[in-house]
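Asker: Each chain is listed here by its residues.
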Amino acid sequence: MKHFYLIKLCLISLMFFVVSNGFAGDKYCQSGSHSKTYDIHIFGNTYKDSNSKRQMAQGLTDLFSNIVIGDRVKVYNHNATGYSLSMDQCVPGCPESSFMENLLSTSCSSEVAKRDRKAFNTRFAQATMGEINRDNSSYDIFKSIQDLNDVYKGSRTNNVVAVAISMIPDGINPTDPNAFNKFYATNVPNLKLALDFPPVCTVGTSPSSEVMKFWREVFALQNVKFDFKPCNKD
Amino acid sequence: MMKKQIIYSVMTAFFVGSAFNLSFADERSSNNADAQFREVYPKAMAGETGAMFTLGKIYVEGASSAGRDTAKGMELIQRASGNGNTNATKYMIDVYERSGSDKALELCQKLQKAGDKYCDKRMETLVEHSIPKTVSPNSCKKLNELYNAGNQGTLIKTEVTSCVLRGYSDTLSFDEAMSNLRMQAASDSKSFVMLMSFMLKEGSKEWDPLFVEENLSKAGLNFKDREVKDMFIKNAITFDGCRKMDRLKRENLRQRPSVCRMAARSGDEDAALYVGDAYLTGKDYFPEEPSEAALYIKEAVHSKNPAIAADAFVLLMNLYQRQGKFYEHFALAKLEIKGNTVNKRTALASLGYEAEYFKRTHSSMGVDDIFDLVALCDSPDVPQDFKSKVGRTIDEVIKDRGRLMKPIEKDSLNMYKEKLLTERDKAEIEAERAERVAVTAAQVGAQSATQSATQSNIQINTQVAQEAKRAEPKAEDPRVADDRTKRSEKTVDKEPGLIERIFFNGSSR
Numbered sequence: 001m002k003h004f005y006l007i008k009l010c011l012i013s014l015m016f017f018v019v020s021n022g023f024a025g026d027k028y029c030q031s032g033s034h035s036k037t038y039d040i041h042i043f044g045n046t047y048k049d050s051n052s053k054r055q056m057a058q059g060l061t062d063l064f065s066n067i068v069i070g071d072r073v074k075v076y077n078h079n080a081t082g083y084s085l086s087m088d089q090c091v092p093g094c095p096e097s098s099f100m101e102n103l104l105s106t107s108c109s110s111e112v113a114k115r116d117r118k119a120f121n122t123r124f125a126q127a128t129m130g131e132i133n134r135d136n137s138s139y140d141i142f143k144s145i146q147d148l149n150d151v152y153k154g155s156r157t158n159n160v161v162a163v164a165i166s167m168i169p170d171g172i173n174p175t176d177p178n179a180f181n182k183f184y185a186t187n188v189p190n191l192k193l194a195l196d197f198p199p200v201c202t203v204g205t206s207p208s209s210e211v212m213k214f215w216r217e218v219f220a221l222q223n224v225k226f227d228f229k230p231c232n233k234d
Numbered sequence: 001m002m003k004k005q006i007i008y009s010v011m012t013a014f015f016v017g018s019a020f021n022l023s024f025a026d027e028r029s030s031n032n033a034d035a036q037f038r039e040v041y042p043k044a045m046a047g048e049t050g051a052m053f054t055l056g057k058i059y060v061e062g063a064s065s066a067g068r069d070t071a072k073g074m075e076l077i078q079r080a081s082g083n084g085n086t087n088a089t090k091y092m093i094d095v096y097e098r099s100g101s102d103k104a105l106e107l108c109q110k111l112q113k114a115g116d117k118y119c120d121k122r123m124e125t126l127v128e129h130s131i132p133k134t135v136s137p138n139s140c141k142k143l144n145e146l147y148n149a150g151n152q153g154t155l156i157k158t159e160v161t162s163c164v165l166r167g168y169s170d171t172l173s174f175d176e177a178m179s180n181l182r183m184q185a186a187s188d189s190k191s192f193v194m195l196m197s198f199m200l201k202e203g204s205k206e207w208d209p210l211f212v213e214e215n216l217s218k219a220g221l222n223f224k225d226r227e228v229k230d231m232f233i234k235n236a237i238t239f240d241g242c243r244k245m246d247r248l249k250r251e252n253l254r255q256r257p258s259v260c261r262m263a264a265r266s267g268d269e270d271a272a273l274y275v276g277d278a279y280l281t282g283k284d285y286f287p288e289e290p291s292e293a294a295l296y297i298k299e300a301v302h303s304k305n306p307a308i309a310a311d312a313f314v315l316l317m318n319l320y321q322r323q324g325k326f327y328e329h330f331a332l333a334k335l336e337i338k339g340n341t342v343n344k345r346t347a348l349a350s351l352g353y354e355a356e357y358f359k360r361t362h363s364s365m366g367v368d369d370i371f372d373l374v375a376l377c378d379s380p381d382v383p384q385d386f387k388s389k390v391g392r393t394i395d396e397v398i399k400d401r402g403r404l405m406k407p408i409e410k411d412s413l414n415m416y417k418e419k420l421l422t423e424r425d426k427a428e429i430e431a432e433r434a435e436r437v438a439v440t441a442a443q444v445g446a447q448s449a450t451q452s453a454t455q456s457n458i459q460i461n462t463q464v465a466q467e468a469k470r471a472e473p474k475a476e477d478p479r480v481a482d483d484r485t486k487r488s489e490k491t492v493d494k495e496p497g498l499i500e501r502i503f504f505n506g507s508s509r
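As they're listed, the protein sequences go chains A and B.
The numbering of the first sequence is this note's numbering, which starts it at 1 and goes up by one.
The numbering of the second sequence is this note's numbering, which starts it at 1 and goes up by one.
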């Protein structure tokens, strides 16, 4: 009987350890109405040249700067075969309070929070940018967008949905209108997009007017609402 | 060497340049098509007909990167046309016209109703392609619509005329339609056939077989054309029809021979035989014209019906006789006799003509022809009276030609003469000759007597007699003088008493 209690205690300790390391943010998550949940979808393989990768990194940095302590961050990495949730964590940090409150409080240690924040930053960088230089495979831009749709499958969410996607079809020069015309003629007539996802903002999307024009036409044709609102411009 | 290199370089540069230009031009055209595709695609999907038509054409032509998709393209163009796009309709008309579809006419009618003149020039051709071969109330209805819409070209007019005459339409009056038909029939065989159905129908107002006979060939038809023959049978233009027509009826005087002739010319052998006979003999208000008769008799002679062929053969032999065509007559008779055909008896019976002709005109006949004739007469089937006649003429030929003949020919003829003549013939010939000699001698004697009386010198009678003897051979044919002289001499030698009696008694027979 004594052994049984010992084993039980060990298991509970192990579970606590795992939870405290895997979901380190949990203790930083705030249930209040001020905190937000960010769904960040990374389509790393849609960025082929260094310029666009830099744009993406800049966009993510801008987005990251908007995230505050207690916000939950979920990073989805998409590739040709599907997607995976690479990060789900709340931003570490102790809520602002008076000195006395800090002394009395035992739940948040600013030192620990600082350390956790550092780890969080590293993890975020790895989760968002880790694959970008490794995955140089070809992609189908329409399938990528459809994949985003499949994450939500028509369900409603109040999360901030940020999508890091170039929106440039594979192999197309974003400044060449003929290339877009050809791509349009080849792909659009057979395209069947069934999109129904919550409002999204974009990160690192190509600023080329040809790209914008192309997608506006495609989405209009497919009757899809997608306004390309950049995440850092509220 | 250097020069060659330069030429090669220039040529290479030219070819590379041309290839580049071509591929560049292709790319440019494809780029344009892609841009156009992108521009019109969303509009077409939104139902804009102009865009639908343009997109459809891009698909049909395969000009864009979307590739060729004829089915999709045509569907779009058809939809555009269906939704009232005129250009798409014109495009579809062209397509249907090329494929020979009736829909081209349908669409053209639509355009015409809308006041478009696109189809005006091609309407005739479209109608020609789309109207059914057999006239029906439905097709007539369609044609009436076209005619009333202002399409009054030759073809539609012809068809509407046909509809009116068949009672499927009242767009024109019957007389107007009939007048149209007469005009059309002058150059259109189909119309002529239709006209025939009125003109050959006995009792109808338009009945005029003679007109049909005179104009059928002008309309490009032949009496033996199937449709013509069918029409003839339907309207009793047969020997039976000809036979039953009253030949004395006033209106039939010219029409009846026409009916008979048409029946004959369409292949009715009984009719051919009858018409041939009628022309040969000039009966039943047919003029006596052997040359016309020949046409029909020759037709009947080749009949597979032995009775008709045999009758026609008789007519043909008669025809040749009438025409004085000895050689044709003889050739035909020889053919039948030697071939031992069913006409052999007729041919043998008709050899009298040859015998008579030979007798009359042997002097102008070639030796070969003479031998041909006598050889044929040597046949055992030839009646003896013809043989005798020919044999007698052979005697004349020998006498006539005398030394002009080669001895071998003369011998041959003598041999034939011997074979052809009977003993009785020979005796008769001999008697005739003797009589002829006697007559001649008597004539000469009479002449001498007259001379003696004039000169009143009866004493020189002996001298005159001697002169008469010398003059005797000259009285016969001079060309065979030698023979005759000898023969006369022989004759004189044989019957001296008779000559003396004639001369000295001074009396004729």
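In short, the hints are calculated from the structure, not lab data.
On a predicted model such as this, the values are computed, not experimentally measured, just so you know.
Using N, Cα and C, we set each Cβ at its ideal position, and we do this for glycine too.
Just to be clear, a hint being listed does not mean it is correct.
[Unchecked claim] Ranges between beta-carbon positions, derived for each pair:
id : chain 1 : residue 1 : chain 2 : residue 2 : range
1  : B       : Gly-67    : A       : Asp-49    : 26 to 34 Å
2  : A       : Gly-171   : B       : Asp-120   : 51 to 59 Å
3  : B       : Lys-72    : A       : Asp-140   : 51 to 59 Å
[Unchecked claim] Computed, partial: chain A to chain B, Cβ under 10 Å:
id : residue
4  : Tyr-38
5  : Gln-58
6  : Asn-173
7  : Pro-177
8  : Lys-182
9  : Phe-183
10 : Pro-189
Asker: Would you mind marking each hint as holding or not holding in the structure?
Answerer: Hints versus structure:
In this structure the supplied range 26 to 34 Å holds for Gly-67 (chain B) paired with Asp-49 (chain A), their Cβ-Cβ distance being about 30 Å. A C-beta distance of roughly 52 Å is found between Gly-171 (chain A) and Asp-120 (chain B), which places it inside the suggested range of 51 to 59 Å. Look at Lys-72 (chain B) against Asp-140 (chain A): about 23 Å separates their beta carbons, and that is not inside 51 to 59 Å. Proximity of Tyr-38 (chain A) to chain B is violated relative to the hint, the smallest CB-CB distance being about 35 Å (cut-off 10 Å).
The beta carbon of Gln-58 (chain A) comes no nearer than 31 Å to any beta carbon in chain B, farther than 10 Å, and the hint placing it at the interface is violated. This hint is violated: Asn-173 (chain A) has a C-beta 14 Å from the nearest C-beta of chain B, more than the 10 Å allowed. A cut of 10 Å between beta carbons decides the hint on Pro-177 (chain A): the least distance to chain B is about 8 Å, and the hint holds. Contact between Lys-182 (chain A) and chain B, as hinted, is supported at the beta carbon level, the nearest pair being about 4 Å apart and thus within 10 Å.
Among the interface hints, the one on Phe-183 (chain A) holds; its C-beta lies about 8 Å from the nearest C-beta in chain B, closer than the 10 Å criterion. The interface hint given for Pro-189 (chain A) is met, as the beta carbon of that residue sits about 6 Å from the closest beta carbon of chain B, less than 10 Å.
In terms of the numbered hints stated before, the structure departs from hints 3, 4, 5 and 6, listed from lowest to highest.
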